[in-house]
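Student: So the chains spell out like this:
There are 2 protein chains.
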Amino acid sequence: MQLKDLPTPCLVLDKGILERNLRRMSDAVHRHGVALRPHLKTAKSAAVARLATTGEKGGITVSTLAEAEYFAEHGFRDILLANALPPQKLSRAEALASQGVTVTLVTDNESMASAIAAHPGRFSALVEIDSGDRRTGVSADSDDLIKIAKALGDKLVGVMTHAGHSYSCRTTDCVADVAEDERLSVVTAAARLREAGLTCDVVSVGSTPTMTHARNLDGVTEARPGVYMFQDLFQAEIGSCEKRDIAMTVLASVIGTNVDGGRMLIDAGAIALSKDRSTQATEHDAGYGEIRDIDNGYAFGKCIIDRAYQEHGAAACDAAVLKDIQIGTRVRVAPNHACLTAAAHDRYYIVDGSSEVVDVWDRVNGW
Amino acid sequence: MQLKDLPTPCLVLDKGILERNLRRMSDAVHRHGVALRPHLKTAKSAAVARLATTGEKGGITVSTLAEAEYFAEHGFRDILLANALPPQKLSRAEALASQGVTVTLVTDNESMASAIAAHPGRFSALVEIDSGDRRTGVSADSDDLIKIAKALGDKLVGVMTHAGHSYSCRTTDCVADVAEDERLSVVTAAARLREAGLTCDVVSVGSTPTMTHARNLDGVTEARPGVYMFQDLFQAEIGSCEKRDIAMTVLASVIGTNVDGGRMLIDAGAIALSKDRSTQATEHDAGYGEIRDIDNGYAFGKCIIDRAYQEHGAAACDAAVLKDIQIGTRVRVAPNHACLTAAAHDRYYIVDGSSEVVDVWDRVNGW
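Chains A and B, in that order, are what the protein sequence lines are. So the first sequence is residues 1 to 367, counted in this note's numbering. So the second sequence is residues 1001 to 1367, counted in this note's numbering.
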């Protein structure tokens, strides 16, 4: 089957680019002597997870219980659920642990830590540290850190953080500085736990930008980047990759053109692309995605989707090239934010440097 | 089962509010002597469609072939596919038509009109008119209108438009003016087709704001509103409804609180809520949604989700009420834009004015 035979809109994943991205991150993390525990929140695919863990220790990170259950079914036995759970979800985590899966939870709350400690489920837990993102986590120097760690009792195994604020950087130097904040926060927290006589075997960090540009990861035991597998326009913009490293695109069909107005309309809109506007705050605003030709090139010049309706994407294009476009022409859209674009789709059509579809990989959605 | 027993995040649909919204729109449209052909792009649910077509002629509108196929399977026999197709999708439309479903397509392109005319499928087609939205459609006074209509041959049955620019209104007077532009555009186009000796039985318009506030619909034969079934914060903001008319909410669990910072963290983020920011351009920016208590009230004061990460929603709340919130507390989120929020979910948990879950209704996603 060829790309042109696929129903649109759909996700196209280039295996060669994916494997190159996987190698690059594996090398970056191993250079610092740290284990890679890839975050599957972007890919949500067992086939991708198998490639991402080849040559690694096999542990993975997930963002939802639905992902944890899916990957457990597909044979993954060491799963870190990096998003804090409410107490009522512990029974689903327990069901996995009782099947022999090593399930590690995170918390930044003392009452939840007590609930985890009191729960019969055989899971482990990390205290979540705020390394500057101000989203979740406790400060590494707070009294709460020790209280939460103690409340976890013998389920405590370490600390973790996510330096989401690396996304506000626009230079690799800035990212490297955030990576150092990220490292210091968990290393400091780990030292405090150990001084207090508490267990801290796991010192976990992770974001694609910081793991790409960290100067050193001394004291860290594992890294949890995720979007590096696919990359996207935002990651290219903040220096995590080049645009040619974007492995996942949305295949779409042209459903209208207005040559005089320099506009193209495609059958991928706000659902198929998401309404994420990550690149809006960067130097090169890519709207709701950048349109390429079916071969993933720029035969059409520069086309940016500047309006996204539920099922229509409307792009401002170079009028000189629009005249070559017919209704029905297939295009590929490089996404702003791969994690959210992928979320509306249930499968990947796999190519490997050509327009031949060599495989179809499923993905898990929902919660 | 009670709301508090549901897995979070999930969609909660209040049947009583839904039925009130359905009645109100049915009355509004019938007042003008026009048929209601509800657009199912928001609900994507056979159970909702059955309620929405009760007492109507039974015809529905959809936005994707996946919806058309789903509703045909559920017994709907008169389906308008209101989004233009590329030629390669005509075979799926034909498959439905060959099962005896009345399938009506839309086009604003002469070459596509010729492709529809030449296709063996027994479907009908409408010429899409631009009534001011500048998204799709040809102008009612353009030469293209007659060319496209003629190209459709004996598949031509009429004209349609969607006044999406009603969404830029902030007063009901403005909406009523747009409704008149919408009406005039198709009535003008219909008159031109008839003068040219062409068929124009169908004169179709539709958007929730314009169908709510139109002063008259003389010459129009059918109306295609969609989001009125569920309503949302944006529709409330532009005067299509009151906030109490919002029938669909997202049930979520609190996974973190920061009483001093006046913040609450829930397990519904950018996927469960969408990154739609429709209300940003209105007087009351509701961020990524407005948090209510599990009874759909305001026991927590005013809480707006101002940051949406993949699986975390972070809300700015009244610190005085945050102290009553525990990890695990359930909340409900009123969405900015119901169509996009619903898109990440595969079912509705139905309530009817209480916290008891009385039914579960499926929905169709994908393409």
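Derived by calculation from the structure, the hints in this document are not laboratory data. Careful, some of the hints might be misleading.
What the hints assert, rightly or not - Here are the simulated distance ranges between beta carbons: (1) B/Gly-1055 - A/Pro-120: 52 to 58 Å; (2) B/His-1030 - A/Glu-19: 56 to 62 Å; (3) A/Gly-262 - B/Lys-1323: 51 to 57 Å; (4) B/Gln-1002 - A/Asp-324: 44 to 50 Å; (5) B/Gln-1002 - A/Gly-16: 46 to 52 Å; (6) A/Arg-20 - B/His-1074: 31 to 37 Å; (7) B/Glu-1283 - A/Tyr-298: 49 to 55 Å; (8) B/Pro-1120 - A/Gly-16: 39 to 45 Å; (9) B/Lys-1323 - A/Ala-281: 42 to 48 Å; (10) A/Ala-118 - B/Gln-1002: 19 to 25 Å; (11) B/Asp-1181 - A/Gly-262: 21 to 27 Å; (12) B/Ala-1299 - A/Asp-5: 53 to 59 Å; (13) A/Arg-31 - B/Asp-1352: 58 to 64 Å; (14) A/Arg-20 - B/Ser-1091: 54 to 60 Å.
Stated by the list, open to error - Here are the simulated lysine-lysine pairs, BS3-like style, with alpha carbons at most 30 Å apart: (15) A/Lys-147 - B/Lys-1323; (16) A/Lys-323 - B/Lys-1323; (17) A/Lys-323 - B/Lys-1302; (18) A/Lys-150 - B/Lys-1147; (19) A/Lys-302 - A/Lys-323.
Ideal Cβ positions, reconstructed from N, Cα and C, are used throughout, including at glycine.
Student: The structure should be examined with respect to each hint, and the outcome stated for every one.
Tutor: Now the hints, each set against the structure:
1. B/Gly-1055 - A/Pro-120: 52 to 58 Å: holds (54 Å)
2. B/His-1030 - A/Glu-19: 56 to 62 Å: holds (60 Å)
3. A/Gly-262 - B/Lys-1323: 51 to 57 Å: Holds, since A/Gly-262 and B/Lys-1323 (Cβ atoms, about 55 Å apart) stay within the stated range.
4. B/Gln-1002 - A/Asp-324: 44 to 50 Å: With Cβ atoms ~59 Å apart, the hint is violated.
5. B/Gln-1002 - A/Gly-16: 46 to 52 Å: Distance hint for B/Gln-1002, A/Gly-16 holds at roughly 51 Å.
6. A/Arg-20 - B/His-1074: 31 to 37 Å: At roughly 45 Å between Cβ atoms, B/His-1074 and A/Arg-20 fall outside 31 to 37 Å, so the hint is violated.
7. B/Glu-1283 - A/Tyr-298: 49 to 55 Å: About 42 Å separates the Cβ atoms of B/Glu-1283 and A/Tyr-298, which means 49 to 55 Å is violated.
8. B/Pro-1120 - A/Gly-16: 39 to 45 Å: Given a distance of about 41 Å, which is inside 39 to 45 Å, the answer is holds.
9. B/Lys-1323 - A/Ala-281: 42 to 48 Å: violated (34 Å)
10. A/Ala-118 - B/Gln-1002: 19 to 25 Å: holds (24 Å)
11. B/Asp-1181 - A/Gly-262: 21 to 27 Å: Given a distance of about 25 Å, which is inside 21 to 27 Å, the answer is holds.
12. B/Ala-1299 - A/Asp-5: 53 to 59 Å: Distance hint for B/Ala-1299, A/Asp-5 holds at roughly 54 Å.
13. A/Arg-31 - B/Asp-1352: 58 to 64 Å: The hint (58 to 64 Å, Cβ to Cβ) holds, given that A/Arg-31 and B/Asp-1352 are roughly 59 Å apart.
14. A/Arg-20 - B/Ser-1091: 54 to 60 Å: violated (37 Å)
15. A/Lys-147 - B/Lys-1323: holds (19 Å)
16. A/Lys-323 - B/Lys-1323: violated (61 Å)
17. A/Lys-323 - B/Lys-1302: violated (52 Å)
18. A/Lys-150 - B/Lys-1147: Violated - the C-alpha atoms of B/Lys-1147 and A/Lys-150 are around 77 Å apart, more than 30 Å.
19. A/Lys-302 - A/Lys-323: Within the cut-off at roughly 14 Å; holds.
Checked against the numbered hints above, the structure violates hints 4, 6, 7, 9, 14, 16, 17, 18; every other hint is satisfied.
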